[in-house]
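The chain contents come next:
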Amino acid sequence: MSQDNGVLLQLRNVTKEFGGLTAVSDVTFDLPQGQVLGLIGPNGAGKTTLFNCINGVFPVTRGQIIFRGVDMTGWKPYDVVSLGLARTHQIVRPLQELTVLENVVAGSCYGHEQRSLSQAEEIALEVLEFLHLAERRDQLAASLNVAQKKRLEMARALAARPYLLLLDEVLAGLNPTEIAEMVQVVLRIREQGVTILIIEHVMHALMNVSDRVIVLDHGELIAEGLPGEIVNDPKVIEAYLGDPALAEKLMSGG
Amino acid sequence: MSSSKPAPVGKAIDRGGFDLSAFKLGGWKYPAFWLAIGLILIGGFIPVFTGSNSWRETMFLILMAVSLASSLNIILGYTGYVSFGHIVFFGLGGYVGLYLITAHGWSLWTAALMGGLAAGTLALLLGKAILHLRGAYFALATIGVNEAVRTFINNFDLFGGAVGLEINFLVYKDYGGPATMQWLTYWAVFGLTLFIVVLSYGIKFSRFGLGLLSIREDEDAAMVLGVRTPSAKTWAYVLSAIVPGILGVIFFFRNSSIAPQEAFRLHRSIELIVMVMLGGQGTVLGPLVGATTYEALRSFLLTSPLFKDLQLAFAGLLLLLIVLFVPTGIVGWLRSRYRKLWRVLE
Ligand SMILES: Nc1ncnc2c1ncn2[C@@H]1O[C@H](COP(=O)(O)OP(=O)(O)O)[C@@H](O)[C@H]1O
Ligand SMILES: [Mg+2]
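Protein chains in written order, with my numbering: chain A, 1 to 254; chain B, 1001 to 1346.
Treat the hints with care, since some could be wrong.
Stated by the list, open to error - Here's a subset of chain B near chain A, in silico, CB distances under 7 Å, partners left out:
1. S1214
2. D1218
3. M1223
4. V1224
5. G1226
6. V1227
FYI, nobody ran anything at the bench for these hints, they're computed from the structure. C-beta atoms are modelled at their ideal positions from N, C-alpha and C, and glycine is treated no differently.
Next comes chain B alone, as it looks inside the complex:
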């Protein structure tokens, strides 16, 4: 509190960005980190141990759901902004990637990076345009963005308009044929899942992450504490968009085609929110637990003819029940129920 010490006069440089250096508040020393990594490793290697293709397909979907939900968690759980149309980043990434692959012969990997870049860029632009909106207004705006992008692409000839884009099967030859390609893309999603979970951790226990959590708790108070809220929110949004963008390219490449109604399904956006809320928003383990549980439930329901057409109704009902009875989700509930586990279930 020495007022004699000189401090820089004028606006200080903006260090609200990526200062992931110090982890004294928590971080790597907590078992939660290793628990999350362990769970993903075990789940991720199941298809290898069983050698089963159907396990691989199941785990592909689960890992993809985990990484999408974990990405969403950065803006939804850490920052407190409900991105209702988050799937727009997945769809846009997929389109940009497939366009580069089909029209320009790019490799999957560079195309995937470009998909992530495109999604990140869209988030950056949106950050300036809609992140000043609060609460329901922001959520509504993100739905609007999803619909606008879908409508635009529906009429955009370069991206195949309403028909979409299709991958020539011969392209898979470069990846060792369709069978090997399926394993390759599986490993890619596995790696991305590990990456987003480590990133989630890094953010949560960084100075930047503390700023995001402060925004979630009370944005005006955060501003008064010195958090540069506009740039912090924008970076959170960008970080939450990049992995979905990359995943979109991998998913639709594997799928061999992309079309507007598949790429921008609002339905999928809602499911992602359900996953994050079910597991526990704002925790690193939450999206992992939520996405796995939800995907397991869904594949169970899909086999039942009664529920097959009621998926969305089911997701909605589940969301309602969570909000009413366990607003902090499974992980949040366990944390408050067993206080000793507070730091284990981060």
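Extracted from the complex, chain A is given alone in its bound form:
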């Protein structure tokens, strides 16, 4: 995918415990610059928690997170942002009483490039255009529908012009047309050289966008490989057996 084969993100034995519950257990992987890495696993496997550890929302219980050669274990989310990492939330978190434009400007001017408001506004307008939200710029974020809020979530993260983008189920809750549109968006972001770690249940979509896939189950990394290999991996299929609906999605991708 990329000319530069350096490793952008490294996780070393990352563990997160909530009281007695181990949500993420000893996870180790490398994410090379310019790649799109898919992250799948049944509900409750610890995917979102892993994101929260990477971007500093939760301090890790053990392990190390190295981004762009900097050990950022224990950093606060805003310090992680300053290194050039942005994320979306599985459950969208728009700044409700601010306009769509203000939401995205906030993403840009507080992103790692520390843009001034006027530069941030230019970037924000560009990004809104890209995500087909430009005509809604002056609407309050609260007034958007779910699909639009998902795009806003994405726009805000993109406006930060990150090196690494963490996408948490950006396709969930969208209809097939919206999914197709969003997949195009992800592909175009990838073309621009942004490295992506993407959590997704919609397997056929994930197959289209990811270079590699890792699988989490009960907090543990149980498989890693090309998308085609993963869907036929018996360990992965077994992990999904408890959830027939998800298994269906997994299979329909293979």
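Dock chain B with the ligands against the given chain A, drawing on the hints supplied.
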């Protein structure tokens, strides 16, 4: 989105402070700014045109309420933190100022600045101690701080303990006598009101202000967007404390004395919240409209023997009605009712 472009590695410098330079999102081009300034100028000059002392006293109280409410709005309306004991900054400023004037012969003006500085310093220290608390916990903590400071000063001999401090009338000679002093302090409060309204605007349309609004909407999301929430909140708190500190010195100087029960009236704190909520929290015009309306209502009620003793009950009831029926206040209601006015009523 060029990942090839080098970005600084390591923790970026904290620019969450005062970057009030760019106003492209809004600001001065909006009529709301000139509307607010115009209203204050008109109101502020009424006593001059009428030449009436009673108008001057009325406007003094209104302008003071407007600036206190606008200050509170920075932390309450912009940042979403209910500072329930905000009057502590007014009282502490007043004490520090009057102490410097009575014990050390400082001039009103330098003493007023020190009052503001003291209030700002207290807010800075409190920012580290209680601004990590959210919601009701923060509100309760601010009440605790107000009570703690009041109790401390009640027993603090340097500040006159329970008796308080008193200004010798001879001091007013330096300000042209009591009558001229009343005009001087009036102009000072007038100027401060203009200042806090301009500051409110500046903050609201700055990068810093956008960070505060983000915190109000969703503090965790703001952090994930890169807002350095601890320092942004602390600065908002400090900025909201300075003007009340200065006002405390001017008010109690004019009043010629200060005592613990007058300086730290929780009752006044509640009234300030009512003013901000009544006018519309988070807007610049809101505190202006709210404070004026509330003061007008109050002076009306004060003349009625029936309501004289029920002021606090009245404030409480009003707050309840606002929260239930017009949670966005007068300005907020007008804004959503008449969408064309959205940018006029900022
Ligand atoms: N803040 C939290 N406190 C306690 N437990 C949590 C918290 N967040 C997640 N968990 C638990 O961690 C596990 C993994 O959750 P999550 O990461 O959301 O899974 P996924 O995103 O893969 O569906 C679940 O059992 C969940 O209940
Ligand atoms: Mg999840």
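Looking back at the numbered hints, which does the structure fail to meet, lowest number first? Checked against the structure, no hint fails, so every one of them is satisfied.
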